[in-house]
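Trainee: In order, the protein sequences belong to chains A and B. The numbering of the first sequence is full-length UniProt numbering, which starts it at 1 and goes up by one. The numbering of the second sequence is full-length UniProt numbering, which starts it at 1 and goes up by one.
Worth flagging that the hints you see were computed from the coordinates, not collected in a lab. Do not rely on the hints blindly, as some may be mistaken.
Quick list of the computed label-pair ranges, beta carbon to beta carbon [said to hold, decoys possible]:
| no. | chain 1 | residue 1 | chain 2 | residue 2 | range |
| --- | --- | --- | --- | --- | --- |
| 1 | A | Glu72 | B | Lys31 | 34 to 40 angstroms |
| 2 | A | Arg76 | B | Asp27 | 29 to 35 angstroms |
| 3 | B | Asp115 | A | Glu72 | 32 to 38 angstroms |
Backbone N, C-alpha and C fix where the C-beta goes; we use that ideal spot for every residue, glycine too.
The chain contents come next:
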Amino acid sequence: MAVDGKSRRTRLIGGPGILLVWLYGVMVVGAVSRSAVQIATEFDKAPLAYSLSAVAGLVYGFITYSLVRGGERARRAALVCCAAELAGVLIVGTWTLVEPSAFPDATVWSDYGMGYLFIPVLLPVTAMFWLRGARARTAGAERGTAPGRRDPAAEPDA
Amino acid sequence: MLVALTVATAVAALVLAAWCGWAAYRDEPTKDWHFIGMAVVSLLALVQLVVGIVQLARGEDPEQGTTIFVAYLIGAFACVPAVAFMSLAERTRWGSATVAAGGVVLAVLQVRLYDIWGG
Numbered sequence: 001m002a003v004d005g006k007s008r009r010t011r012l013i014g015g016p017g018i019l020l021v022w023l024y025g026v027m028v029v030g031a032v033s034r035s036a037v038q039i040a041t042e043f044d045k046a047p048l049a050y051s052l053s054a055v056a057g058l059v060y061g062f063i064t065y066s067l068v069r070g071g072e073r074a075r076r077a078a079l080v081c082c083a084a085e086l087a088g089v090l091i092v093g094t095w096t097l098v099e100p101s102a103f104p105d106a107t108v109w110s111d112y113g114m115g116y117l118f119i120p121v122l123l124p125v126t127a128m129f130w131l132r133g134a135r136a137r138t139a140g141a142e143r144g145t146a147p148g149r150r151d152p153a154a155e156p157d158a
Numbered sequence: 001m002l003v004a005l006t007v008a009t010a011v012a013a014l015v016l017a018a019w020c021g022w023a024a025y026r027d028e029p030t031k032d033w034h035f036i037g038m039a040v041v042s043l044l045a046l047v048q049l050v051v052g053i054v055q056l057a058r059g060e061d062p063e064q065g066t067t068i069f070v071a072y073l074i075g076a077f078a079c080v081p082a083v084a085f086m087s088l089a090e091r092t093r094w095g096s097a098t099v100a101a102g103g104v105v106l107a108v109l110q111v112r113l114y115d116i117w118g119g
């Protein structure tokens, strides 16, 4: 991934970040392709559920793009989107449990993402911790050391 | 779909996940042997893609629709190569962890493929 020319940007895909990018990438493909097929073939069956899946896909896509791009603004934007995503999972998850009749078919966020191994609810929490830490890491640590792994030279002597 | 092939791909994917998960646990990046493992799993997924298309061409129909079936076949084929490149870019334990996650995703896709085909 082309990071060399713009190494001044906060790098968000080093270390654990690469795992987040992969999981978000999977969710993008899952949510976008699923909603595309459903909206194209049977939109009338459950318009609300399919639209919500499409929105979820867009949010995932934006977060993935922000992580890969890196930089302080992308970091903040991704943080906001993760919060929105978490809110979405919790609201839609509760909604599907309280009023199942509103959802004749499942969305990505139904039952807190149970159909996706609860990844939709775990991912934003993990990502928010990661993004919060990313700022402190790049502000203090030297570049060149792998993020997520401590640089022994940077540790103050006890 | 050949059930045996689906099961074999799923098991191979889980073995790859466990192997790379072990590497991540031991704080190691992916090595040549891991990439050979990824190549084997990718090959299985490629065979599956070909077999699936041949069966569609012979007029057999997946229970849940041809579009979804083909989409999942392509997704399953692209899964492991994608994580392989990511682990090349990230030469730490986290690259290994990503391949492990890719193996789990592929195994889940196999279960879905089985459902979509209709047993």
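Trainee: Indicate, hint by hint, whether the structure satisfies it.
Mentor: Consistency of the hints with the structure:
The beta-carbon spacing between Glu72 of chain A and Lys31 of chain B, approximately 35 angstroms, falls within the hinted interval of 34 to 40 angstroms. For the pair Arg76 of chain A and Asp27 of chain B, the beta carbons lie near 31 angstroms from each other, so the given range of 29 to 35 angstroms is met. The given range of 32 to 38 angstroms is broken by Asp115 of chain B and Glu72 of chain A, whose C-beta atoms sit roughly 44 angstroms from each other.
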